[in-house]
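These protein sequence lines map, in sequence, to chains A and B. At position 79 of the first sequence (counting the first as 1) the number is 79 in my numbering, and the numbers step up by one without a gap. At position 160 of the second sequence (counting the first as 1) the number is 160 in my numbering, and the numbers step up by one without a gap.
One or more hints might be untrue.
[Said to hold, decoys possible] Selected chain A positions facing chain B (Cβ under 8 Å, derived; list incomplete):
(1) Arg29
(2) Gly57
(3) Thr64
(4) Ile83
(5) Ser85
(6) Leu127
(7) Pro212
(8) Phe214
(9) Leu217
[Unchecked claim] With the C-beta cut set under 10 Å, the calculated list includes, among others, these residues of chain B facing chain A:
(10) Gly57
(11) Leu230
(12) Gly231
If you are wondering where the hints come from, they were derived from the structure by calculation, not from laboratory data. The structure presented is a predicted model; accordingly, all values stated were derived computationally and were not measured. We treat Cβ as the ideally placed atom computed from N, Cα and C, and that holds for glycine.
The primary structure of each chain is shown beneath.
Number of protein chains: 2
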Amino acid sequence: MRITTVGLDADDTLWHNETIFRLTQARFRDLMAEVAAPEVLDERLAAVERRNLALYGYGVKGFTLSLIETAMELTGGEPPGRIISDILASGREMLAHPVEPLPGVEHALAELSDGYRLVLITKGDLLHQEQKLAGSGLGDLFAAVEIVSEKDASTYARVFTRHGTGAAEAVMAGNSLRSDVLPALEAGAFAAHIPYAVTWAHELAEPPVGHPSFAELASIADLPGWVRGLG
Amino acid sequence: MRITTVGLDADDTLWHNETIFRLTQARFRDLMAEVAAPEVLDERLAAVERRNLALYGYGVKGFTLSLIETAMELTGGEPPGRIISDILASGREMLAHPVEPLPGVEHALAELSDGYRLVLITKGDLLHQEQKLAGSGLGDLFAAVEIVSEKDASTYARVFTRHGTGAAEAVMAGNSLRSDVLPALEAGAFAAHIPYAVTWAHELAEPPVGHPSFAELASIADLPGWVRGLG
């Protein structure tokens, strides 16, 4: 057995993402301070996002629409114009937000790319993810980029077959147990969990402790060593 | 020379799309009737869409956000709540709109799939395009699906290499001269223009009349015959 291919998640694995959503949500809380208590607002927003997920998918544009919908609900359908205006501005700022690799990412990817085929595997808005990759300066390290609408076992099987030598000779690494680790293991790949400071509630799951193909890593800096150790 | 691969555009080639945007725009005109004359509204919306294109890309969610922004601009930043609410509902309805293949599509694709590798090549929201393909019932006829953020010559070169035997042995067919025909010809592929009743202004271009690899077809029903005739 040898590893030929390493798949990497993007948001919150290579660069900040959830933090930017949380900052926007904090700004929304301030904006709506006279309308709703923070915990009421958070709960309502989470419900709106859940309801819209199947239709909007993941990404900033759907989040922006869900913020507007939440503002509508909490103001009896008559939000002050400045609230809508501020939400639209927040969305544009999130889309235009500069992308900076997380600490250790550039070094770890450079090391891994010397010996393995790197594949970026991410959910979200197609255009926005491509823009973030371009902005990160990491694009040249990847042999392939797959922006997918859902990360399940069949996604990983397909991507590792298309861009590598199959899931059995591949590692997937990312911050989400639910999206990066569990379905990759199910597809027969190895998987490393690299936690991020904040996890979206929707992505929470139990770690598969004891699974022979699984590792919990404290930092992406530990990834190259772990991958090499697999043989 | 032989043709091995046929690329097909999706929106307005396989199913209605622009018409649905136009119907939503007509609904928006009615909704805003007391605020702005139709031609003022159309002009303002087009300007907002143009301004947002680089950030939002193509698709329903970006269009919905642009409608809200246009309503903001035309109401001095204080749109009545029912206008926002109706725009949000329009966006959701567009995303949930049932997909029905255009006349002749199923038959033409069935005929082509018996002899050529069919590849769907489309712009737009990743999740929404996948949902439309699934809803159309045409998914099984395609060997591959590529949802891309931009259709230029390098896109076609890459896709026809990945899923076929290169652009020189491929045909691209679609309703947009600007996105489907001209860049595919530039990549060295053959290209067929199959006009749709309505064309988004952004997609207009001059037909490459006289180009040896180009054909203007009245209907997708003429595509299988033309492709076979190429050798």
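Cross-check of the supplied hints:
no.	hint	result
1	Arg29	violated (20 Å)
2	Gly57	holds (4 Å)
3	Thr64	holds (6 Å)
4	Ile83	violated (10 Å)
5	Ser85	holds (6 Å)
6	Leu127	holds (4 Å)
7	Pro212	violated (34 Å)
8	Phe214	violated (28 Å)
9	Leu217	violated (29 Å)
10	Gly57	holds (4 Å)
11	Leu230	violated (28 Å)
12	Gly231	violated (29 Å)
Violation of the numbered hints given earlier is confined to hints 1, 4, 7, 8, 9, 11, 12; the remaining hints are satisfied by the structure.
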